[in-house]
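A.B. asks: Here's the letter readout for the chains.
Number of protein chains: 2
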Amino acid sequence: MSQTLQIEKANELKNKPDVSTVQFGTVFTDYMFTNKYTPEYGWSEPSIIPYQNLQLSPSCQAIHYGQSVFEGLKAYRQGDDILLFRPDENFKRMNQSLSRLSMPEINEENALNALYELLKVERDWVPDGEGQSLYIRPFVFADEPFLGVRPSETYQFSIILSPVGGYYGATQLNPTSIYVEDDFVRSVRGGVGFAKVSGNYAASLLAQKKANELGYEQVLWLDGVEQKYVEEVGSMNIFFVRDGELVTPELNGSILPGITRKSIIELAKHKGYTVKEEKIHIDDLSEDLHNGKVTEVFGAGTAAVIAPVGRLNIHGVDYIVNDNQVGEISLDLFNDLTDIQYGRKEDPFGWVVRL
Amino acid sequence: MSQTLQIEKANELKNKPDVSTVQFGTVFTDYMFTNKYTPEYGWSEPSIIPYQNLQLSPSCQAIHYGQSVFEGLKAYRQGDDILLFRPDENFKRMNQSLSRLSMPEINEENALNALYELLKVERDWVPDGEGQSLYIRPFVFADEPFLGVRPSETYQFSIILSPVGGYYGATQLNPTSIYVEDDFVRSVRGGVGFAKVSGNYAASLLAQKKANELGYEQVLWLDGVEQKYVEEVGSMNIFFVRDGELVTPELNGSILPGITRKSIIELAKHKGYTVKEEKIHIDDLSEDLHNGKVTEVFGAGTAAVIAPVGRLNIHGVDYIVNDNQVGEISLDLFNDLTDIQYGRKEDPFGWVVRL
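One line per chain: the protein sequences are A and B, in this order.
The first sequence begins at 1 in the numbering used here and counts up by one.
The second sequence begins at 1 in the numbering used here and counts up by one.
Here chain A stands alone, though its shape is the one from the complex:
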């Protein structure tokens, strides 16, 4: 991004929808950020343009060979201010994903500035309703028209914006149900599980379907080697309250290093909780659910922030967690984290960027 950011004006603007009735991820704003990479000039065409279709060759590398990574974060409104939550962490992780797929890294500072500029143009799109936000989707994909297994020579980096309510359609926390998958595998050490790459999600859909058919909302994945250790939920990390302490699987290369996960760990420690990152054997978890040592379970991710788990199926046995009610610690962390994100509470960590 050696060049100056160009802005191309749209001829007309869309009508803004009532966000409370909008389905997550279906409505997009008037503008998008885009930049192009060539071997000669690197990332050299940063611009904000009217939201528009991509023109891609039918032999586009991303479609055929999957060089495509993305990020997800949110902008929150507090009066006239727009708040972002740790956006630097997203671009840092994006570079880790890019590196894993042999794609060129972006300049994190330039990307942050581009995002800020885009949000200045689109600030009226950040909704102010309870639990509402502007979902931000940065993504990079390979666009070289070439059939063959080698890295693409050219890429596109875009940021698109979508006004959203709660991810699961509700602003209230409703406990979800989870099926522990012991047949399908999401990832294994040495693979791409730690990276936010498109292929990981397509590969997860069949297990998700199976869980749905069995009556559960989401999948809890086990490790790919032994199929014994807890890894993560479909699109969230997982936490347990065990003997009053917070426990989550340690990062191991196949688990996505969630920014919400990281923030909850830091927030919980700050609040005086003991937090442990460790290998969690599924049989130990069953035992601890059975004997009541595990009192709360929740997922953590950008879309839902915290998603309490009320029911968990392990090897065919259903465990009800905390009477299928939102737990006290889950709620406490959810409130604190969202209060910081929406600017309702002081941010002692320097996480919030205010525009």
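Calculated directly from the structure, the hints in this document are not laboratory data.
It should be emphasised that the depicted structure is a prediction, and the values quoted were computed from it without experimental measurement.
Where is the CB? At the ideal position from N, CA and C, for every residue including glycine.
There's no promise every hint is true.
Derived lysine-lysine pairs resembling PhoX-like cross-links, with alpha carbons at most 25 Å apart [to be verified]:
1. Lys271/B / Lys293/B
2. Lys269/A / Lys210/A
3. Lys92/A / Lys210/B
4. Lys262/B / Lys279/B
5. Lys345/B / Lys262/B
6. Lys293/A / Lys262/A
7. Lys228/A / Lys228/B
8. Lys36/B / Lys209/A
9. Lys228/B / Lys279/A
10. Lys293/A / Lys269/A
11. Lys210/A / Lys92/B
12. Lys36/A / Lys120/B
13. Lys271/A / Lys345/A
14. Lys228/B / Lys279/B
15. Lys120/B / Lys345/B
16. Lys14/A / Lys120/A
17. Lys228/A / Lys279/A
18. Lys120/A / Lys9/A
19. Lys262/B / Lys228/A
20. Lys262/A / Lys279/A
21. Lys209/A / Lys92/B
22. Lys228/A / Lys262/A
23. Lys209/B / Lys92/A
24. Lys262/A / Lys92/A
25. Lys228/B / Lys209/B
26. Lys276/A / Lys293/A
27. Lys269/B / Lys279/B
Not the full set, but computed from the structure, chain B residues with beta-carbon under 10 Å of chain A [unchecked claim]:
28. Val19
29. Thr21
30. Gly25
31. Leu147
32. Val149
33. Ser162
34. Gly191
35. Ser235
With chain A held as given, fit chain B onto it using these hints.
C.D. replies: This is chain B only, laid out in the frame that chain A set:
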């Protein structure tokens, strides 16, 4: 595909290139096949249209969540006839890939007929030089404009065509070199390794780069669980000649079930070779290379057909195979298989479709 195949004429046709100077996968013909899937009508818009860009939403599901599968096969020219090699097997495998990624299956018979019609329109594009062919790339991808982890509701199925010489730029068989990867993992049982999905290829690039930097042309993958058993090469299956017998890893869910692999097994058996599909421990392979029991190694895939391996690095030790020369059995099988594909020899298997 309940509707009739529509054909839209191109205004002008491209100049056909000298295929001997064309880089693999960079030149495409005048027309492409396309069909669209909607939940209401299924695959209902089959048409042959001028080769053109895809118009995709920036929130297109395939780019973000990787629902994208493909196939690869070739059309060969013999005089005025166009020959295809087991095209039914490609559409059968495509359906297995689609099913694994929760994508709607295609009608295999309709797909074959669509391919035949496209080749009738484009038959002048099938080159007649030594080792030349028309590479055929069927692919299906998700195009719903929606951000969220669930299967897309809409899809596109396309077939594009590219005239090619040899995959590795040469018409002669030149032994390749292979690095056995024991850090990165391609796939694991319960994953998507057996399916021809875009994400598998992006995930393989970093190991490929590492192998190249170490002075090897390709990667040989080990299994994802124990990292001890031989699986496949980057974009090919692998065969060994051991004590005069042909040996290849048995299919296990993480290995791609290659059509060239299958054809070599059937052809070799027909020719009287003993063929074994088994688990091959990497330490046994080293031992057998060291003591001379393994006399030939070759990769097998659509692009290269047979690629002899002259050098193999296992845990830091280089093994030279057959003095880095093309082996007798490799050459025998290569000649027989390509003779059948190009119609130079009788096809006792019913593999060839003549248009």
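A.B. asks: Does the structure break any of the earlier hints, and which numbers would those be?
C.D. replies: Failing hints, ascending: 2, 12, 19, 28 and 29.
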